[in-house]
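Q: Protein chains in written order, with numbering that gives the first Met the number 0: chain A, 0 to 133; chain B, 0 to 296; chain C, 0 to 307.
Simulated from the structure, these hints should not be mistaken for lab results.
Note that the coordinates shown come from a computational prediction; the quantities given were computed from them, not determined experimentally.
Quick reminder that beta carbons are idealized off the backbone N, C-alpha and C, glycines included.
One thing to keep in mind: the hints can contain errors.
Stated by the list, open to error - Label-pair distances were calculated between CB atoms; the ranges are:
1) C:Ile-6 x A:Leu-75: 52 to 62 Å
2) A:Leu-104 x B:Asp-232: 27 to 37 Å
3) A:Ala-38 x B:Glu-28: 18 to 28 Å
4) C:Ser-292 x B:Glu-93: 35 to 45 Å
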Amino acid sequence: MTVQWDNDSPIYLQLYRQVIGRILDRHLKEGEALPSVRAVAAQYQINPVTISKAYQMLQDEALVEKQRGKGLFVKLGVRELVMEREKQRFLVQEWPLVLEQIKRLELSPDELLASDALASGSATSYRPQEEQAR
Amino acid sequence: MNSVITIKGLCKDYKGHQALKSVDLDIREGEIWGLVGPNGSGKTTCLQAIMGLIGYEGDIEVLGQKPNHKRHKLLENLAYVADVAVLPEWIKVEQAITYMKGVHPNFNEAKARSFLDKTNIKYHSKVSSLSKGMKAQVHLALIMAVDAKILILDEPTLGLDILTRKQFYTHLLDDFYSPEKCIIITTHQIEEVENILSNVAFINQGSIALSKSVEDLQSQYKLLALDNEKLEDATLLKPLFTNSLMGMTSMLLDLTNLSAEQMDLLPSLGKLSTASLADVFVGLAGQKSDKEELNHG
Amino acid sequence: MDKSLLIQQIKMSIYKEFWEFRKSIVGVPLVVGAIFLAVFIFEMFTLNQYQQTRMVSSIEQINAEGMQASVTQMSLASVFGTFLVISFFIQAYYALSCLYDERRDKSVFFWRSMPVSDGQTIGVKLLMAALLIPAVSIMIASILSIVAMLVMSIIGLISSNFNVSDIWSLFVGGHTLSSFLSAGYGLILYALWLFPLIAWLMLASAYAKKSPFLIAVIPLVLLSITEVLLSLVFSYQTWEIATKIATYLSITPDSRDVFMVLDSHRASSIMPINFFIEVLHHRISLFALLIGSAFIFASYWVRKNSVR
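Isolated chain A (complex conformation) (with noise of 0.2 Å):
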């Protein structure tokens, strides 16, 4: 499968933040099993040192961990402690970067939330639970 990795961020990072994705997407369900190095670097045609490096991260970080001889496992519990993660790193580094591109572009609230309506099969459709910014 070939994935574009771009170039800002080390590959080994955005595989890490791969994982985050799916375990936050439900792609990867908790109790379930990462697979294996030999695979992923097989699949994504990477240096499997590169994917230990992600999985090492995940290790570090508690959400996932090892079973002997089974390989790497996710912990239960970790989607809410990686959903609240994410929701603050969000808030803090990438929101403020969005809002000032909306405001660049001058949108408005209304059309933002029009985009949403139109964007093809999208599982999670918006439920507005804060205030709007402006």
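Given the coordinates of chain A, assemble chains B and C onto it according to the supplied hints.
A: Relative to the frame of chain A, chains B and C by itself:
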């Protein structure tokens, strides 16, 4: 990690033409090296020296021994494909497997068969009846079924279609690679192999221009995308190359050439991103190199 | 473990040579043998009355005069001799090709990536060229002879004219079995005798860029011409290397040494196979073996240092 191949001061002279000028390399277990260089750069000569095919000056130690002393013993643990198009035309695939089984103590027949089973190649076919891509597949399948500590592949995907190339890399990583082995690949298609490499050596005109881990290289070389307005300020950064298009300029920077102040200045000049190996190589090859300016691994 | 690996490798290398050259080594003698057999069977089964009567009386006469040995031996000798001549050409073809073909199609890149030493490779090819190829031809000749004898016996059994016991005494009295054994010994001598020539051809095979045959032949031709010219210019004898080579390789009854052998035995009592062995004894020399070894070593050196 242990060293598997150690090269110090390797020189090779061919009647007045110096093919290799004091090459140093240290290759360890678990590493996947890319040896990159233009045609005539000496990369094949370097590999030939490692494979015990030619005489040389300097020191080479492969798995603890000199490569041209008792070469056949070394070959039990060093597998190589010097050219994918060299299987004998008269041999049948089945015969080639039988031969390797009888002659190579580390040949794993099951591995070879499991790979070939996934292809359309019939065991009783003569090599001469196979297409170019299939011949390469057979050769690679046979060599990668050897449980060798070192695998050297000189342009293994030359002339192969995209599907075969992808299959090959998958097979390499899935079935062959292990943290105790090391792999050296030469290829003209750096982009294809970029993410697989752990280390890279650029060789040009017989000398190693650069030999580093990919990680180090990616922290050292960056691409800076900036507006042409900021161009003047940026030239002080000693870029390796500059590319201007549509009011934007892309520069390849060697961060070790920059002072701390210059480093801090970077985000204000433009956007930094990781340089691909291809970018770095083009940048280095294009430079009129003063040897002191280039880093050795 | 090392020794058994070596034996296994040598075995497999021999198989590989057979696979590569099977058509020449096995195919040619087999086809020739099949043709001989077919012709023989055809002849035997289409003898008319007159021919049959003549044959019967001949056999009776041979048995009566105790000439079984000579007659059977002569027949066997001509069969084996023919196959040996065929084998010689196959051997020469193999020796000229064995180190050249692999360079021409670049498969030497593949072979040299195997953990098989150059020494072993040269050794196996030499073994093939000198001993194994003639062995195959001789085996086919033996099978052919045995089948021919069986055919004759069958005819003897079927036909009312022939007497089986007469035919059988022809075979037994002809020392058929012991001559097969002598043939084995003769084969080894034959290999030793031809060794220098084969080594020379292999060297040409290892060295030649385009045509191993020319590389092998031209130096010899030039040598002969040079010597002829020298002997014309100077009246005294030169080294006569070319002549010596020719003598070494000749095995025809009209050369000097051969007469010596004939002299020392009663011509009528000598079996062709023993005669052949005696001549070989005279021909094989230490000097020739040393020259051959030099050629073989040179072949080894050339292969080892050909970059691929």
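Q: Can you tell me whether the CB distance of Ile-6 (chain C) to Leu-75 (chain A) sits inside 52 to 62 Å?
A: Check passed, 59 Å falls within 52 to 62 Å.
Q: Using the beta carbons of Leu-104 (chain A) and Asp-232 (chain B), state whether their distance is inside 27 to 37 Å or not.
A: Given about 29 Å between the Cβ atoms, the range holds.
Q: Given a hinted range of 18 to 28 Å, is it respected by the beta-carbon distance of Ala-38 (chain A) and Glu-28 (chain B)?
A: The hint (18 to 28 Å, Cβ to Cβ) holds, given that Ala-38 (chain A) and Glu-28 (chain B) are roughly 21 Å apart.
Q: Indicate whether the distance between the beta carbons of Ser-292 (chain C) and Glu-93 (chain B) respects the range 35 to 45 Å.
A: For Glu-93 (chain B) against Ser-292 (chain C), whose Cβ atoms are near 37 Å apart, the range 35 to 45 Å holds.
In this structure, every one of the numbered hints holds.
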